[in-house]
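Starting from the known structure of chain A, arrange chain B on it as the hints suggest.
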Amino acid sequence: MRNFLVRRILSGIVMLATLAVVGYALLRLGTSDIAQKIAGQSAGPAQVALVEEKLGLDRPMLVQFGDWFGALLTGDLGRSWFSGQLVSDTVLSRMSVTVTLAIGSVLLTAVFGVLLGALAATRRGWIDRAVQVLAVIGQAVPGFLLAVALVLVFAVQLDWFPATGYERFADSPVGWLRSVTLPIVALALGSLGGVAQQVRGSMLDVLGRDHVRTLRSRGLPEHRVVYRYVLRNAAGPALSVLGLQFVIILSAAVVVEQVFSIPGLGPVALTSTTQGDVPLVMGIVLVTGAMVIVVNLVVDVLQGVINPKVRLS
Amino acid sequence: MRRWSVAAVTVTSAALVLTACSGGPTDDGGSADGGHLRIGAVVDLSTWDPAGAAWGNEATYFMATYDTVLRTAADGTVEPGLAETWEYNDDRTQLTLHLRDGVTFSDGDEVTAEVVAENLLRFRDGTSENAGNLGAVESITAADEHTVEIELSQPDPGLETYLSQNSGLVGSPAMFDDPDAAASPIGSGPYVYDEAASIPGSRYEFTAREDYWDEEIQHYDSITINVYTDATATQNALRDGQVDMANLNSTSQIPAAEQAGYTINAAPVNWKGFILADREGTVNEALGDVRVRQAINYALDRDALLQAIDSGYGEPTTQIFGPENEAFVDELEDRYPYDPEKAKELLAEAGYPDGVTIVEPRTSFVPASDYELIAGMLVESNITLQGEETGSEFIGDLLGGKWAAFQFGLNQEPLAWQVYQLAVAPESAWNVKHVVDETVQGLAERMRLGGEDGSAAARELNEYLVEQAWFAPIYRVDGVLVTAEGTSMTNKTGQAVPNLWDIVPE
Numbered sequence: 001m002r003n004f005l006v007r008r009i010l011s012g013i014v015m016l017a018t019l020a021v022v023g024y025a026l027l028r029l030g031t032s033d034i035a036q037k038i039a040g041q042s043a044g045p046a047q048v049a050l051v052e053e054k055l056g057l058d059r060p061m062l063v064q065f066g067d068w069f070g071a072l073l074t075g076d077l078g079r080s081w082f083s084g085q086l087v088s089d090t091v092l093s094r095m096s097v098t099v100t101l102a103i104g105s106v107l108l109t110a111v112f113g114v115l116l117g118a119l120a121a122t123r124r125g126w127i128d129r130a131v132q133v134l135a136v137i138g139q140a141v142p143g144f145l146l147a148v149a150l151v152l153v154f155a156v157q158l159d160w161f162p163a164t165g166y167e168r169f170a171d172s173p174v175g176w177l178r179s180v181t182l183p184i185v186a187l188a189l190g191s192l193g194g195v196a197q198q199v200r201g202s203m204l205d206v207l208g209r210d211h212v213r214t215l216r217s218r219g220l221p222e223h224r225v226v227y228r229y230v231l232r233n234a235a236g237p238a239l240s241v242l243g244l245q246f247v248i249i250l251s252a253a254v255v256v257e258q259v260f261s262i263p264g265l266g267p268v269a270l271t272s273t274t275q276g277d278v279p280l281v282m283g284i285v286l287v288t289g290a291m292v293i294v295v296n297l298v299v300d301v302l303q304g305v306i307n308p309k310v311r312l313s
Numbered sequence: 001m002r003r004w005s006v007a008a009v010t011v012t013s014a015a016l017v018l019t020a021c022s023g024g025p026t027d028d029g030g031s032a033d034g035g036h037l038r039i040g041a042v043v044d045l046s047t048w049d050p051a052g053a054a055w056g057n058e059a060t061y062f063m064a065t066y067d068t069v070l071r072t073a074a075d076g077t078v079e080p081g082l083a084e085t086w087e088y089n090d091d092r093t094q095l096t097l098h099l100r101d102g103v104t105f106s107d108g109d110e111v112t113a114e115v116v117a118e119n120l121l122r123f124r125d126g127t128s129e130n131a132g133n134l135g136a137v138e139s140i141t142a143a144d145e146h147t148v149e150i151e152l153s154q155p156d157p158g159l160e161t162y163l164s165q166n167s168g169l170v171g172s173p174a175m176f177d178d179p180d181a182a183a184s185p186i187g188s189g190p191y192v193y194d195e196a197a198s199i200p201g202s203r204y205e206f207t208a209r210e211d212y213w214d215e216e217i218q219h220y221d222s223i224t225i226n227v228y229t230d231a232t233a234t235q236n237a238l239r240d241g242q243v244d245m246a247n248l249n250s251t252s253q254i255p256a257a258e259q260a261g262y263t264i265n266a267a268p269v270n271w272k273g274f275i276l277a278d279r280e281g282t283v284n285e286a287l288g289d290v291r292v293r294q295a296i297n298y299a300l301d302r303d304a305l306l307q308a309i310d311s312g313y314g315e316p317t318t319q320i321f322g323p324e325n326e327a328f329v330d331e332l333e334d335r336y337p338y339d340p341e342k343a344k345e346l347l348a349e350a351g352y353p354d355g356v357t358i359v360e361p362r363t364s365f366v367p368a369s370d371y372e373l374i375a376g377m378l379v380e381s382n383i384t385l386q387g388e389e390t391g392s393e394f395i396g397d398l399l400g401g402k403w404a405a406f407q408f409g410l411n412q413e414p415l416a417w418q419v420y421q422l423a424v425a426p427e428s429a430w431n432v433k434h435v436v437d438e439t440v441q442g443l444a445e446r447m448r449l450g451g452e453d454g455s456a457a458a459r460e461l462n463e464y465l466v467e468q469a470w471f472a473p474i475y476r477v478d479g480v481l482v483t484a485e486g487t488s489m490t491n492k493t494g495q496a497v498p499n500l501w502d503i504v505p506e
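First to last, the sequence lines map onto chains A and B.
Each residue of the first sequence is one higher than the one before, counting from 1 in this note's numbering.
Each residue of the second sequence is one higher than the one before, counting from 1 in this note's numbering.
No lab work stands behind these hints: they were computed from the structure.
Take the hints with a grain of salt, since some may be wrong.
[As the list claims (entries may be wrong)] Only some residues are given here: those of chain A computed to face chain B with a beta carbon under 10 angstroms:
| id | residue |
| --- | --- |
| 1 | Gly-44 |
| 2 | Pro-45 |
| 3 | Gln-47 |
| 4 | Val-48 |
| 5 | Thr-90 |
| 6 | Val-151 |
| 7 | Val-259 |
Glycine included, C-beta positions come from ideal geometry on N, C-alpha and C.
Just chain A, with the same shape it has in the complex (with noise of 0.2 angstroms):
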């Protein structure tokens, strides 16, 4: 275990130089009149000159590389072009915001995805075709949508969360909660029916396997024998899904985040990239990159312990 997670770290490592080395050339090259953009439409070109100089844009490209690259080793993400606020600051500060929004979208997708999917699986009937129908809707519907509509029904309509804003745990615990708790279920229905179908399809292939027939004639109660060990071989590809599902959720929380005026980082994404705001289109790619890699490493540990074939591949 341990040379397997020095493997995925060191991989990890070496994916994330390469991110800063593609992204930032893709960037760089695919945008211009920054400094126009940063200086204003109807700065002058004594004011554009001023802050190309100021930034080091009249520097040749290779030479801002090596130096945001320079600075990047040691931890330095530098400052918003646009701004002038540390990049680490703006990233960090909004980051926590964003993976509480992706974790607790994930944690709600697995809990009801599971329960949907074994119901599915074990009582078929109208609850297996409630889920089929519900990850047909849940990936044709625009989060965009579903956001929209929980917000008219229960911010507007019932008067039980806030339309919009956020609420840090800190100020006010109930607050906080709150203010996530639409965002998150948006964020969660999109995904839910995936991941109840990937777990409702790998149920009924345990359970119609040998070891599943052998454990009933042995006079295993049903519910012990789905749970404890159809559901326990059944979680591997489900396991694999949320974890492409945290991917996906931080995408569409770009989207979700801009409805709910949330202080994540897709709405700093959306804005920064339309700016080319390099150094912090940078530091959210990486940060985000980082993110991912990390859960991907989770999801094969957690692959590991739920399947000791895989400790030992």
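Chain B alone, transformed into the frame defined by chain A:
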């Protein structure tokens, strides 16, 4: 089964706790009670550093935290700010400001003439897009502790107004060399920024300063500015009653705002239309002929376009100066009635009996549907618009004069001089071909000296620009602010947001 029962009970209990704690919007501390103002902003703050400050939609942030050297009232009248009195010398090349005594920043440092001078110089030499507002400033010195002398290379009739905007923001000297100044303002303004309670990019919190020198403009104990860059978020916030005053992202949100019980405060802020930049015909020979440019003006059904694009929220116009501007001439609004036949006639006179083709950029400033609508309309007058896709990287080309004409929207500044500096002066950003016209220059020199003759020259300039069809404005579009019950405001001439002190509890 027991586990699921426990889970079900847990979920149900949590739901009950949450609903028990509901009862109105909570993210900002509840609805307005006269002590707390919640503002919805459509634009996030770019920087707190006065040297790089923007204005326009960001003005509210700055008005909360900083004072300006002068102020302007809602009707554009210049009023005292940090400077109690001021005067020009005879030839208007020196402005002397007499600062009020005893004003301090929130960190305790005193606002002195030296600090004010340094702030103004930092802005002039800084990265703000409006740094050119102080372009005529040659030097700024502190004659004594409360007297600032500004030397100008030539008279600037807009200077007093500029000193009431971002050009005149005064921040503490502690910010000058602080790399974190962009995130941490220290001003002498009516409210203090609460950095700990704020979430940059989402919510900015301010508390009223107890020892502020002008208590009369402090109408609230605290202010929250919520950022809603997404139109859906704005609408949801309105529906949920989460703001007392807000900008709308577009006029299409007006019905939803009215349904949510908000009062609509609409006032024209920008004009939309064409900048017919190539008046010398260097890119498109046809546009060098005034008759072709006039034809474009005749080819636009302004009423129909206003209705189709902005649902009638605005006023058709042929002028780039707003109705409150000294240069505005009422009669000019009828100069170019919609007349495709007249347009064709002018084109034929100019030597284009079969019409003209104009290549224009398709930019993110104008929705594609608007392009199609206007292009379809101009075709009836034998004017073909050929759109050129630009992607997001076009500003340099646009400002560099690549295209002969393009659709755009510009602010209708309160002063004629500001409009001249923005879009007419040879060196202005939006005179992209930097056209020099003797008549325009002569009128500008008279405007520069101000007074009655300056105002008369401004009107003559307007008439000349309309007659020469330097532009083809279509309409002035309303900027819309909404207020909740219990809050009222006064629109400010030529500004997207009102003065902060003109937002009052009812």
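- Message: Quick check on the hint: Gln-47(A) CB to chain B CB, less than 10 angstroms?
- Response: It holds, given that the least Cβ distance between Gln-47(A) and chain B is near 5 angstroms, below 10 angstroms.
- Query: Under the criterion of a CB-CB separation shorter than 10 angstroms, is Gly-44(A) in contact with chain B as hinted?
  - Reply: Cβ of Gly-44(A) sits 5 angstroms from chain B, so the hint holds.
- Task: Let me know if the C-beta of Val-151(A) comes in closer than 10 angstroms to any C-beta of chain B, holds or violated.
- Result: holds (5 angstroms)
- Message: Interface hint check: Thr-90(A), Cβ to nearest Cβ on chain B, cutoff 10 angstroms. Holds or violated?
- Response: holds (7 angstroms)
- Message: Using the nearest Cβ pair, does Val-48(A) come within less than 10 angstroms of chain B?
- Response: holds (9 angstroms)
- Item | Pro-45(A) as an interface hint toward chain B, with CB separation required under 10 angstroms | Hint on Pro-45(A): holds, closest Cβ of chain B at ~9 angstroms, below 10 angstroms.
- Task: Please verify that hint: Val-259(A), Cβ, nearest Cβ of chain B, below 10 angstroms or not.
- Result: Status holds, d = 5 angstroms.
Hint compliance for this structure: every hint is met.
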